[in-house]
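S.K.: Spelled out, the chains give:
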Amino acid sequence: MSSLEERAVQAAGFADERLGVAKFTRKSLNKIFPDHWSFMLGEIALYSFVVLIFTGIFLTFFFVPSTQQVIYHGSYAPLRGQRMSEAYASTLNISFNVRAGLVMRQIHHWAADVFIAAIVVHLLRIFFTGAFRRPRELNWMIGTLLLILAIVNGFIGYSLPDDLISGTGIRIAFSILLSIPVVGSYLAFFIFGSNFPGTSIIPRFYILHVLILPAIIAALIGAHLAIMWHQKHTQYPGPGRTERNVVGIPFWPAYALQAGGFFFITAAVLAALGGLVQINPIWLYGPYVPYKVSYAVQPDWYMGWLDGALRLMPSWETVFGPTIGGHMIPNVFFPAVLLPGITFGLIFAWPWIERAFTRDRSEHNLCDRPRERPIRTSVGVGVVVFYVVLFLASATDVLANTFETSLNLVLWTLRILLFVLPILSGFVTYLLVKEIEHLPAVGTPKAGVEIRRTIEGNFELSGLGREAAGEKAAELPEEVAYHQRTTNGHAEIYDAPELGLGERAVPVEGGLS
Amino acid sequence: MSRVNSITSRRKGSLAERAAGACLAVSIVGTVGLGATYWLGGQPQLEGGFLFLALAGIGVGVVTWGKYLVPQGPYVQDRPEMKSPEPEVAAMNASLERGISQISRRRFLLRLLGGSVGVFAVVNLFPFLRSLGPLPQKSLFVTNWKKGSKLVTASGRIVTVSDLEVGGVLTVFPQGFESAPSNAIDQVVLVRAASYDLVTRPGRETWGPQGYLAFSKVCTHAGCPVGLYQELTQQLLCPCHQSLFDVLTGATPVFGPAPRPLPQLPLYVDAEGALRSQSGFDEPIGPGFWERGA
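For the record, the sequence lines run as chains Z and A. Taking our numbering, I'd label the letters of the first sequence as residues 1385 to 1897. Taking our numbering, I'd label the letters of the second sequence as residues 4 to 297.
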């Protein structure tokens, strides 16, 4: 035994003597992970979050969350002598004076964009492969909650520098809060600490952004991973794969090395983006001044669908007559409150909505291929297209300029496409899926034959099915086999009194003295 | 046959080992480069590039190791159903029910507990909400524009009737409030139209002396400053969501999502030629809210 192994065993022994972790550790190390490229999407989100934490900690050392007005005397000449908030001045300082500050700030921003993108694509993968079905509904809901929190924290984060564009975004956020029926004006005043703009919103956003929301997100990610670990990962159908087994690579060491390495690859890509691709150059926008505004005001990509909805909404406003109090439901309520409410409500409820139609309550551990579920797949495509159109609508002005056409034409085109395109694409998807539904699965080669010339000059055929190609599940190492023998179903364990799992709580006669 | 296989896999193995080693070496080079860049004063592009090399070297190296140099299986493991066996569930239910029956026997205590926790929650919700900010009361209905307020620029200069050419535009505030935070609410866009004493709408005969028209600059849609004046069409554009307001008809929305005209501030010219407001706005400015009514 080499000394490295000895030391590891010693450390494990130390832990086990104090925490009794031998069984859990063994089961975890021997855990089998199914392998597929699409399972890495959630990992990208996780690793981006880790990068966000590290770069974020760095930024907190230099950022000053204050709307206190100061005159800028820093090293960025074009803004010298201007009045600005300390928040904006300190962001300039991070960008120009703190060594490695700009690269950290840009990695942080890129990581946030990638974090949310990875969550969205991960969600789509789960949706189209039916991995949200029993027993994974809870993790589906935790994941949806994570998406909402990630979007909110992303918005709050890019609002912190208090530049002209993000300040305008905060103004819109105030108006959206204001639009909520009955409680809107109270909510807006309580969150902002006064009428807009006030002086509280930047410090409040700051503590939400660096402590409260990240803590909740971290806790939910922990729960998300623990549940995934406990339930074991889904797998795609294939030879030897059933609802009742997991086929893949062992956690220790193959999966641990691959996943650990993948963290570094994700971080590397984010570092390259942060270093080489400029993002959010706030010094070009100038400090936020409430009566100034910049042209082509666009939020970060994940807010695009909301911005697009605000633009496409017709200029309606609901007013109740004075006979019932004279109340108003403002225009922005529908695209900016109701639409996200319905969106996330439907995502939360999807496992149950689908179940109401399929009446399928059984446990599923094999993923669907999208083609096997024509209706789910076409509904999904239609919904995705709906949000893509909304996203495009956040750039109506840019589109009109690019195609040298009128804003009116762009607006009406998108308004019509918003409803026509989802139905059309859903329908086309349905037809396509129906067409390929019964074709043999991709990646399952037909049993081939090998033709060999023998030494005598004859030809010889031999089968080349997957089995012959050596794809049969390999022999299990002894410790994995042991693990299987001891965990084959609960019943066995239940009947083994020496494991102490069959005990029931029985009241002690006469009480404890 | 199997010997041939094992030889090729060994060859593959040694190739992978060399590749992984090369990657890890690249990482060291990258980190050294990063350190040197930092030491010499830092440069964002170089920092990003070296950081990429440092991290990607470790990443690709370790993944190569994990993929080609350790056994991949595939291995099979059983997956028991999540649902516990029947006796286990029954035991759980029995324990649960026993506890509940022991508690629910004391009906009165249980209700009292519910009441005390409920009252505690409701009362303690107040500091968490109410302390956060003031009640809106009338603040959404009013601005600092009063009868006789002088129009001043952001720097406090009084605006006189000779300040704007026809087609000119200026952002103005009520005198004394130009640099207060409330200028976010009070901001007014002053436009000079070609027609003399322009009537934008019936009842506003005296509001636009010598073509000077003043409108709240806060968009009635989502509250952005209506920042762009298109002189040719005499329209105000909000760059946030592309709402267009027609100045000559009282800033009525002609395009985009804005549901209401920008409120107009009635102006007059005083004896010294300074522009003043006849009164405040006759309606709440900015985006809609529940209590606003029509």
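These are computed hints drawn from the structure, not numbers from a lab. Warning: the hint list may mix true and false statements.
Under the rule of at most 27 angstroms between Cα atoms (straight-line distance), these lysine-lysine pairs were calculated in the DSSO-like manner [as the list claims (entries may be wrong)]:
1) Z:K1407 with A:K86
2) Z:K1676 with A:K149
3) Z:K1676 with Z:K1407
4) A:K141 with Z:K1676
5) A:K86 with Z:K1616
6) A:K70 with A:K86
In this text, all values refer to a predicted model and were calculated from it rather than measured experimentally.
S.K.: Does Z:K1676 lie within 27 angstroms of A:K141 when you go C-alpha to C-alpha?
M.R.: Holds, at roughly 26 angstroms.
S.K.: For the pair supplied as a hint, A:K70 and A:K86, is the alpha-carbon distance within the 27 angstroms limit?
M.R.: violated (34 angstroms)
S.K.: Do the alpha carbons of Z:K1676 and A:K149 lie within 27 angstroms of each other, as the hint requires?
M.R.: holds (23 angstroms)
S.K.: For the pair supplied as a hint, A:K86 and Z:K1616, is the alpha-carbon distance within the 27 angstroms limit?
M.R.: Roughly 14 angstroms separates the two Cα atoms, so the pair holds.
S.K.: Can you confirm whether the C-alpha distance between Z:K1407 and A:K86 stays at or below 27 angstroms?
M.R.: holds (21 angstroms)
S.K.: Taking only the CA atoms, is the gap from Z:K1676 to Z:K1407 under or equal to 27 angstroms?
M.R.: Violated. Z:K1676 to Z:K1407 sits at ~64 angstroms, over the 27 angstroms cutoff.
Consistency note: the structure conflicts with the earlier hints numbered 3, 6.
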